[in-house]
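Colleague: Chain residues, written in single-letter form:
2 protein chains.
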Amino acid sequence: MLTSTQLKSNPSLFVFLPLFYTVWSDAVLTPSEIATIEGLIESQQWLSADEKTFLRSQVNPASPPSPDDLLSWKEEIKKAADQTTGKSLVDIGFQLVRNHGTISPQLLKEQGVLTNIEATLGFISHEAAYNFQSGKRESVTQQLTTQQTFDIGALEKILDGENAAIIKKVKTILDDPEFRYIDSGNLEIYRAKVLQWAQLLAAQGFGSIAYPKSCGGQDDMAAYFAIMETLSYHDLSLVVKFGVQFGLWGMSVYFLGTEKHHKKYLKDIGTLDLPGCFAMTEIHHGSNVKGVETTATYNHTTKTITVNTPHKNARKEFIGNAALHGHMATVFAKLIVEGKDYGVCAVIVPLRDKKGNTLSGITIEDCGRKMGLNGVDNGKIEFKNVVVPLENLLDRYTQITAEGKFSSPIASDNRRFFTMLGTLVGGRIGIPRAGLSASKSGLAIAIKYGDQRKQFGPEGAPEVPILNYRTHQRRLMPYLANVYALHFSLQYLTHRFLNRKEEEMQEIEALAAGLKSFTTWNATATLQECRECCGGKGYMSENRIDALKNDSDIFTTFEGDNTVLMQLVAKSRLTEFKHEFAHMNLFGILNYVADQAKTKITELNPIVIRNTDEDHLLDPQFHLDAFRYRERNILTSAAKRLKRHIDEGMDSFDAFNVSQHHLVQVGFAYIERIVLEKFIDQIQNTADKNCQAILKKLCALFALNQIDKNKGWYLEQGYLEGVKTKAIRKLLNQLCWDVRQEAVPLVNAFAIPDSLLAAPIATVK
Amino acid sequence: MLTSTQLKSNPSLFVFLPLFYTVWSDAVLTPSEIATIEGLIESQQWLSADEKTFLRSQVNPASPPSPDDLLSWKEEIKKAADQTTGKSLVDIGFQLVRNHGTISPQLLKEQGVLTNIEATLGFISHEAAYNFQSGKRESVTQQLTTQQTFDIGALEKILDGENAAIIKKVKTILDDPEFRYIDSGNLEIYRAKVLQWAQLLAAQGFGSIAYPKSCGGQDDMAAYFAIMETLSYHDLSLVVKFGVQFGLWGMSVYFLGTEKHHKKYLKDIGTLDLPGCFAMTEIHHGSNVKGVETTATYNHTTKTITVNTPHKNARKEFIGNAALHGHMATVFAKLIVEGKDYGVCAVIVPLRDKKGNTLSGITIEDCGRKMGLNGVDNGKIEFKNVVVPLENLLDRYTQITAEGKFSSPIASDNRRFFTMLGTLVGGRIGIPRAGLSASKSGLAIAIKYGDQRKQFGPEGAPEVPILNYRTHQRRLMPYLANVYALHFSLQYLTHRFLNRKEEEMQEIEALAAGLKSFTTWNATATLQECRECCGGKGYMSENRIDALKNDSDIFTTFEGDNTVLMQLVAKSRLTEFKHEFAHMNLFGILNYVADQAKTKITELNPIVIRNTDEDHLLDPQFHLDAFRYRERNILTSAAKRLKRHIDEGMDSFDAFNVSQHHLVQVGFAYIERIVLEKFIDQIQNTADKNCQAILKKLCALFALNQIDKNKGWYLEQGYLEGVKTKAIRKLLNQLCWDVRQEAVPLVNAFAIPDSLLAAPIATVK
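Chains A and L, in that order, give the protein sequences.
If you count the first sequence from 1, position 484 lands on 484 in our numbering, and the numbers rise without skipping.
If you count the second sequence from 1, position 28 lands on 28 in our numbering, and the numbers rise without skipping.
Calculated directly from the structure, the hints in this document are not laboratory data.
Hints should not be assumed to be uniformly reliable.
Repeated chains share a single entry, so a pair holds when one copy, or any two copies, can fit it.
[Said to hold, decoys possible] Straight-line C-alpha distance at most 30 Å; calculated DSSO-like pairs for lysine-lysine:
{"#": "1", "residue 1": "709", "residue 2": "52"}
{"#": "2", "residue 1": "678", "residue 2": "730"}
{"#": "3", "residue 1": "78", "residue 2": "340"}
{"#": "4", "residue 1": "709", "residue 2": "697"}
{"#": "5", "residue 1": "290", "residue 2": "571"}
{"#": "6", "residue 1": "643", "residue 2": "726"}
{"#": "7", "residue 1": "334", "residue 2": "136"}
{"#": "8", "residue 1": "264", "residue 2": "334"}
{"#": "9", "residue 1": "709", "residue 2": "726"}
{"#": "10", "residue 1": "643", "residue 2": "87"}
{"#": "11", "residue 1": "74", "residue 2": "405"}
{"#": "12", "residue 1": "136", "residue 2": "640"}
{"#": "13", "residue 1": "334", "residue 2": "454"}
{"#": "14", "residue 1": "136", "residue 2": "312"}
{"#": "15", "residue 1": "405", "residue 2": "109"}
{"#": "16", "residue 1": "640", "residue 2": "260"}
{"#": "17", "residue 1": "74", "residue 2": "87"}
{"#": "18", "residue 1": "136", "residue 2": "643"}
{"#": "19", "residue 1": "454", "residue 2": "571"}
{"#": "20", "residue 1": "709", "residue 2": "643"}
{"#": "21", "residue 1": "384", "residue 2": "260"}
{"#": "22", "residue 1": "109", "residue 2": "74"}
{"#": "23", "residue 1": "87", "residue 2": "640"}
{"#": "24", "residue 1": "87", "residue 2": "136"}
Computed from a predicted structure; not experimentally measured.
Next up, chain A with everything else stripped away, as it sits in the complex:
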């Protein structure tokens, strides 16, 4: 075209060049686009018939320009684009004409028509020039960068709290080259390495830290939890190995045994000289552990207990430390005395001699490769009439008298069993705290990568960090808010547990069960999202999301299956209701109904349910009201539903089953309300104003994200109207955009040592 005689004789034809170039270089030249352009050409009265024919020939799909034509057109247009301040194709076209001659008055009259055509073809006039200029485009998306409005060290201090010293110590130890990660492919090498790591930690006194001082410990349970949490920035196999040895095995001896057991075993357990197992789960009884079938039969003549596996499916399964390293085990079994079954007891059974040879009567099978945690040697254990002395019975709750009779401070088998389990609730604190650390590691990796990784960008401008994309922010920022929220709740749970009173145990157990479920499910979801957000890089084991996800995946199952636990939480909540309903006299019922009605009046205020003011939507009081309303409403409706079914004669087991989905929601609503309350408490207690400000943002993000997730429910109830849920969604996106700017400092406040984070993609370049 450029060399055509027509252009030379009438430079005004240059006005079409940007248009022609753009339609050819665009995806497809459709018939209607051709028709539009042909119509335009036809309508231009200043063109001669020859010129029209020539111009039409330039948009004929049967004879497209050559690639070289297009390249030279582009060069020509670029020159003109740089010379004009106009941004539209027509502006550039006019400049081209000027570069080759002068603009005829007839052409000038057509400017409006040409501009219309440009719009009709769907081009954005104020951006056309970007295709031919470079470095001039400055979109908001590409300009967004990391900011920092708070002191990272100050926030780290808030997170670490009273445990700062032990956390620092653990990090220092783990930073040692001895703790460098190894490939997880070879089970033998990996398991040996994890054992060695655990021994190094024991040598630091970490293993026994929660045990009594008389047994080599420091009586510091708070430190134990902080160690578990900090170790979880490292290999999670090590964490679980550590937890099996010092938590499950050691604590079962500590809490279910008495002084004689403490003296005999705890010191060696704490130093890892006596590796052991916690043998509760059986093949046929996992969640329903009360149904274990292994027997522990007392023989008064010999004052011994015979431990036996009655059939293959009563073998102990998934037992950590069993396949290779455990020398002893706390075995949970039905205690039989004089032919009578006294329910589940715990008894210490030796598995291997000092050389590691399996003892007679014991058969152990390796569970083999697992989805994760392959540094832990899980196994199945079978007992064939293994005889142990009576003193091996952990006798805090189950005793045999000198006369050979069963005795217990708790008469009911049921209550005794759940009391025993209750003493072990610490596991349901350690595991979520470990899962939280894994989530923090995953987010630190994905966020640091997303802040640096650039992909795509506006035409004519550099590529953009992927964390500047709204979907990427929506995928990661709410999880960042969640880990902050959960951090403070788990601190609260730990505090409640450490300062527990007997009468608070039911509440603390429900809290632990619920937070364990919420946090570990959140970990699974977070790490899955991190994997996907890091694309192929997230799939490479070297970047650690692989191990973080797969190692922590079982956290939703062990220490209690999450779905089962959430139902326990719900039942615990309903217990309160059972009393409330049952003991209510007329006056009480009237009060109750009035209270419910008051809620309706104050909270379902027609102005409030439609209130879309940003101040209101960001107000923690609105969040608390919404969370509490949901909790109370779901709990009440579940109670009523159950009562209705049972009143109608439905079997209560069926009634609970029909309502199961509802009950799980009761558990969630309760936990979410607690998490929000504790986050708000934390903010109120934060003196540093800058830290307080960012925590406030995170808290609003957490709260609004939950409300958005549950918006179907809120709309169903009429608690929110569509106009408000839409405003919430918009604000949520805005909060993600705001938090993204501080996302890197926020993950830096976790202060995960580089040697532990280790992912090459998380390294700042």
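Given chain A, put chain L in place with the hints provided.
Modeller: Just chain L now, kept in the frame of chain A:
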């Protein structure tokens, strides 16, 4: 108590025994429970002062009964419970009195009071006896079992369709002991095994089946997809190895090359004598592949092309077959001719000699261990000025003339590149079909396990299969419905692709991108749920959910990142709109507005939005209307939103970014509507009435589950009211309950050979 003088002298006191036993054996004896019972005792005028003192002493927390007391109480109560038809504690109490004497008239008068106390304490009167009887309780939950209303073979036939023969052949081959799974821990052994498996498949002619007959193939692309899908019941590393070799490497030569390349290479590729790679992705350019920086510079003097990696981050990355086995690669690079950049071309570059030694100028680094697919040898490739002859240029779309000039049938770089990618869209059909098979395997394992695995149960009755629990059903049944739904959509997509016309390509590409995203995300979610639903067993590698999940996890990333693809789908949908809006004259706009208004009138009918009739809720027309309304509404609002932003002067890149979340929903709404339509089509075309009936149920489950998921949106729009979304939730639970009964036959219809499913927990005992 039983031996007390009081009981002996007044057997009527036995009436309290069941109550006392129950409060002691129950979880905790609360102060208010004690107060209630003490009040009851006090109110009984037939009791003497001594008797009252005695009875009160039995509920004193300071002196609980011994475990032996409780055991003997229970024995006593059991006897009575078996002798009465009454179910309440009072009924049993009366029977106990009868067993030891006669019921006094005074006691008889108190029956009502006693029953009230029982209720006040929160016991369910009609169930109390179950605690003391065994085998009499028959809850609905425990009675639910697997049914079968259709012929499994008939359904299998419907699923396999025209590909039944090749599917059968592939299954037969895979059933051979040679294909037994091996441990994935050792990369070297595993990769060698996968290569050997691929060679065995090639020997069967599976590798070349899609290639022209002249090149040793059978010109049967349909069979190729069926093979991929069936292989995916086996090890997914093998599937990907197979896909890299015969799909990516082979098809790039086939579709981007011309006859000379076909003749020279395809036969050896099909037999795996010439293993190769598809080297497109670079470290810095994954999703944005158009930005690859590797150069292919043409030298006319020598008629050669020099391939070069300009910097470390332009290395080819994640390239399958690269680390060990590939001898050649199709390399995507910017073609430079006479100093000018003509955009991306594809050129064949040898990597290794026949002995497997890396050639000069080539540096390959092993990507090492990955989250999954460890049987595939991914690597990074760097080229240092590697010279290849001009004939290695795959020249269907990019040619060099005899004069050394660049030439192409497609002038625009952009269009040429996307045309080239378009020819490779088959990968976006093979991957979702593979992901679907992985989902089917996971569901087959989890459902067969859930049907057999028993845990918990009503008091006094056997434990219940976990698949009888409502939450378990809600977790798995919708995914079962999804795989059936997606099966038919993917059949449809394949059919469209095999019978494609040039002008349909844009639509088919959008369809493939969307279904690939939807199906692979669904696979990730399905397999995660299957893992959790199988508890600890799901974590053991022997049960295969581990590998299924981890191997398929990358499916959401490769062949196009799902989030990016869903935005492409949305943009493709908006293109239609762009034309609609742009070319609309006044008449057109009026029509459009009228059409929108009509929708409002017919679909937002106030009766319909509140209609909770089951017939209506199950009506496919309701489902279709809802899906279509959502699709149109989201698309329209996204278009308007973008237009508003751009009209207001926002940079279009920012406008798209602000709307990104919305755009992803456009993609989902489109794909979901297609999936539903194709499922309904399939049902209409199913002649077998029994199969039709079960497919109808699955389709309703799929549709209502999606509506329930999106209920927040529907409520926001006013398309559904709360009363209707609640009815949908209830019906959804009912459908899960119904489908659960046929769940095992439904997964059996996938006809996955036992040797491939292989999970011990899925074996019928």
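Colleague: With reference to the structure, classify each hint as holding or not holding.
Modeller: Hints, verified against the model:
1. 709 to 52: neither (59 Å within a copy, 57 Å between copies)
2. 678 to 730: Answer is within: at 26 Å inside a copy they meet the 30 Å cutoff, but 34 Å across does not.
3. 78 to 340: between (95 Å within a copy, 16 Å between copies)
4. 709 to 697: both (18 Å within a copy, 28 Å between copies)
5. 290 to 571: within (17 Å within a copy, 57 Å between copies)
6. 643 to 726: between (36 Å within a copy, 19 Å between copies)
7. 334 to 136: Result: close only across copies, 25 Å inter versus 78 Å intra.
8. 264 to 334: within (24 Å within a copy, 74 Å between copies)
9. 709 to 726: both (12 Å within a copy, 17 Å between copies)
10. 643 to 87: between (70 Å within a copy, 18 Å between copies)
11. 74 to 405: For residue 74 and residue 405, the Cα distance is within 30 Å only across copies (18 Å; inside one copy 98 Å).
12. 136 to 640: Answer is between: at 28 Å across copies they meet the 30 Å cutoff, but 65 Å inside does not.
13. 334 to 454: Result: close only across copies, 20 Å inter versus 61 Å intra.
14. 136 to 312: Only across copies: residue 136 and residue 312 sit 28 Å apart there, 74 Å inside one copy, limit 30 Å.
15. 405 to 109: Classified as neither; 112 Å inside a copy, 42 Å across copies.
16. 640 to 260: neither (50 Å within a copy, 77 Å between copies)
17. 74 to 87: within (16 Å within a copy, 91 Å between copies)
18. 136 to 643: between (69 Å within a copy, 23 Å between copies)
19. 454 to 571: Between copies only: 21 Å across chains, 49 Å inside a chain, cut-off 30 Å.
20. 709 to 643: both (29 Å within a copy, 28 Å between copies)
21. 384 to 260: Within one copy only: 27 Å inside, 72 Å across.
22. 109 to 74: For residue 109 and residue 74, only the intra-copy Cα distance (26 Å) is at most 30 Å; the inter-copy one is 105 Å.
23. 87 to 640: between (66 Å within a copy, 23 Å between copies)
24. 87 to 136: Answer is within: at 11 Å inside a copy they meet the 30 Å cutoff, but 84 Å across does not.
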